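As you go down the protein sequences, you meet chains V and D in turn.
Sequential numbering of the first sequence, starting at 69, is according to my numbering.
Sequential numbering of the second sequence, starting at 69, is according to my numbering.
Where hints are given, some of them may not hold.
Because identical chains cannot be distinguished in the list, a pair is counted as satisfied if it fits within a single copy or across any two copies.
Straight line, CA to CA, 20 Å or less: simulated DMTMM-like cross-link-like pairs of lysine to aspartate or glutamate [unchecked claim]: (1) Lys480 - Glu274; (2) Lys461 - Glu178; (3) Lys113 - Asp321; (4) Lys427 - Glu353; (5) Lys416 - Glu342; (6) Lys429 - Asp349; (7) Lys427 - Asp349; (8) Lys118 - Glu356; (9) Lys113 - Asp404; (10) Lys322 - Glu409.
I should point out that these hints are in silico values taken from the structure, not numbers from a laboratory.
All of these numbers come straight from a predicted model, not from anything done at the bench.
Residue-level listing of the chains:
There are 2 protein chains.
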Amino acid sequence: MNTKTYVDQHKDRFINELIDLLKIPSISADPAYKKDVIKTSEAIKTSLVKAGCDHVEICETPGYPIVYGEKIIDKNLPTVLVYGHYDVQPPDPVELWDSPPFEPVIKNTELHPDGAIFARGACDDKGQMYMHVKAMEYMTANNELPCNVKFMIEGEEEVGSESLGWFLERNREKLANDVILISDTGMIAKDVPSITTGLRGLSYVEVEVTGPNRDLHSGLYGGAVANPINILCDMIAQLHDENNHITIPGFYDKVEELSKEERAEMAKAPFSQEAYNKALDITAEHGEKGYTTNERNSIRPTLDVNGIWGGYTGEGAKTVIASKAFAKISMRLVPDQNWHEITELFQKHFESIAPASVKVKVNPHHGGTAYVTPIDSLGYRAASAAYEDTFGKTPIPQRSGGSIPIVALFEKELNSKSILMGFGLDSDAIHSPNEHFGIWNYLKGIETIPHFYKHFTAMSK
Amino acid sequence: MNTKTYVDQHKDRFINELIDLLKIPSISADPAYKKDVIKTSEAIKTSLVKAGCDHVEICETPGYPIVYGEKIIDKNLPTVLVYGHYDVQPPDPVELWDSPPFEPVIKNTELHPDGAIFARGACDDKGQMYMHVKAMEYMTANNELPCNVKFMIEGEEEVGSESLGWFLERNREKLANDVILISDTGMIAKDVPSITTGLRGLSYVEVEVTGPNRDLHSGLYGGAVANPINILCDMIAQLHDENNHITIPGFYDKVEELSKEERAEMAKAPFSQEAYNKALDITAEHGEKGYTTNERNSIRPTLDVNGIWGGYTGEGAKTVIASKAFAKISMRLVPDQNWHEITELFQKHFESIAPASVKVKVNPHHGGTAYVTPIDSLGYRAASAAYEDTFGKTPIPQRSGGSIPIVALFEKELNSKSILMGFGLDSDAIHSPNEHFGIWNYLKGIETIPHFYKHFTAMSK
């Protein structure tokens, strides 16, 4: 039976199984959800066993466990390692969701006339990860598995994958493979398949500015003491110049500069600034001078405040000067920026621009290195052929602005290339309220993945 | 019986009655506490009746009620109108309180070896307002009331006293008086009595910056859309120049400039920058260039962010670009700035500096006009004589940085001067966690107030 027929016959069950998985709030960033994260790892274990994996186990780590499973059919055949994550982003701000984030519902949208599943994690990454589990089920149930396969599904991707590095170091042999397959990215459009060939790195920090040792009455003290909120705003404002270049000394030193030819190639991807603005309801573009929107969110590094808080934020008015103000700041990095180095440069610079009247703390959270994969590798060519089989089109290689910090880690620790076959869309609202994943995309992913195994095995001979 | 003896005999009851009042969380800014605010007005009514007032009533307004009571002994004698407020500031951040804000406790401190009552509202203004109720009790119980008295205690001072203006307009005759007496300010030190002769005005606004129409993934969109938090920080930073002057065009146009002589007179007040910095644990002073700390927080207008929020503020990391960012901003004003005009200037300027890539909303909250009282008035001289009686020292006239917007309103609507006899200390932490009021100060206030009535009546003859 071919993949399409199998998917058609089983699609209702595939959807319901994913919905069950989405009901568990596996928020790795919030310790309050620890039990749910653990419960999700157990659900993944069960699903791998059912899909036909052997030796399925929940591997303990210093943090959340990693679920491992494998099917070794012949040591002389190539081995595909599937990576995914079962943890999700916090759903905040919850009040902006049209339906509760952990009560999945199917709704039709303009882009998804066949329905989309709305829930936190629907796309990132439970839905995309589960496509691989179901593709595995197809291959084992129909005797179509052409090579060896290993699964490694982690629970800390949204908080920096710290335990994964620990796990890789200790399990190099167990995890040995010829290619790593990941679905945690998107494609350009439903009729424009694409393979992600570049990812940005990340440095995520939290900053704290302390003024007076206690909250003060803004009438009695206003104007005579440094207000940490005003100071924090001032310091954040200084991090960009009038051209939206980042002002941290040394920040751009190692940034890979693309050639005119490479930028011209990128510019060929279909894109409408007008449609982009309309989709986001913005009236003007914004970003680093000298670059296009698509360049700004892929080949250029950035600095964004992801959260800020301080003082009175309740209803009504409180005339207070806060003792402290806080911000979470992340920088997206490009090849060849080193995230440890960038974190250090940020810290040094941020401390240096603090006026003498406040104290400043910079707490690094986590980070990751940017990654670029060549399009002439065996893995890329196999993936390209798989899309041709099911989409009838050659996929476009695309640099993404997002970060999967562990891709660079895989190359270092396991010495193999990752192939990023993403089936999500930009409009899926991952990390936002009303995250969703198109049912068409989900099923198309399950249908396409076995073709990769077939081509990769054939090309490896 | 003189006031000191009476206070000594009844002090335990005076303290316990205040503690009972402090247990009711009359937070006017938060609608969740509506019942408690109302309950407090009823407690005030009961206490005025017990203190000997006639015609005590809870007067309904469009907002929280105003408690009124009076004792008219002879229409030919002068009338003192006592103003105070029974509402309190929100206690946030609650986690910084050493004891729950509405469970008053007495603790000894270095400054208060006789103990201080720790609770929200202990000083501002329940404690200081209640001194007047107890002074009234003394005068009626001992036949020492030398003139007529009226009480007007409101419940919206911490949110802009909007209903008070409505009430004044409709009750000019009922409230007719010769002087208004208020204790809602501080004095320089326990051994340095002072009378507040100037108050700053206020304009309080809330701003909202909107970028994209939903929260976005900072990897996929970072660098290519305007981040409303970064933009808000940038806009706030632009509100001051490098000398900490406020940059809003026209902001300083009507500011009363003090003469060299007046500033020299001010500089004579005892003050140590070193002790000030030590008390607040700050390492450097901060403020408008060309002015001293005492000038910055009294005769100069200011602009402070009182609260800021946006994006992810929970534990851990979330790589999000928020759709919206918010701030609460207040400006302290000096004579002769008009707060309506300043609010408008702010709004116009803030909107004008917004980049095209975001939408900006400015919501005015409330405001008030600055006030200066002459030191040769009958009321001031009577207050000065009262302090001399009980402190053995002439009080120092002092300009305060705080705002009691209604003082200017009283002059306009009731055509009378307000005398600000404050018994609080800068260290009382009003509007902050661990607000407290020294028992010595509380009892000294009750002791001193009847002397004011005596002198004011005598001087009026």
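Hint-by-hint comparison with the structure:
1. Lys480 - Glu274: The answer is neither: 28 Å in one copy and 50 Å across copies each exceed 20 Å.
2. Lys461 - Glu178: neither (23 Å within a copy, 80 Å between copies)
3. Lys113 - Asp321: neither (45 Å within a copy, 71 Å between copies)
4. Lys427 - Glu353: Only across copies: Lys427 and Glu353 sit 13 Å apart there, 35 Å inside one copy, limit 20 Å.
5. Lys416 - Glu342: Neither way: Lys416 and Glu342 sit 39 Å apart in one copy and 29 Å across, limit 20 Å.
6. Lys429 - Asp349: between (36 Å within a copy, 16 Å between copies)
7. Lys427 - Asp349: Between copies only: 10 Å across, 39 Å inside.
8. Lys118 - Glu356: neither (49 Å within a copy, 70 Å between copies)
9. Lys113 - Asp404: Intra 37 Å, inter 73 Å, cutoff 20 Å: neither.
10. Lys322 - Glu409: Only inside one copy: Lys322 and Glu409 sit 10 Å apart there, 51 Å across copies, limit 20 Å.
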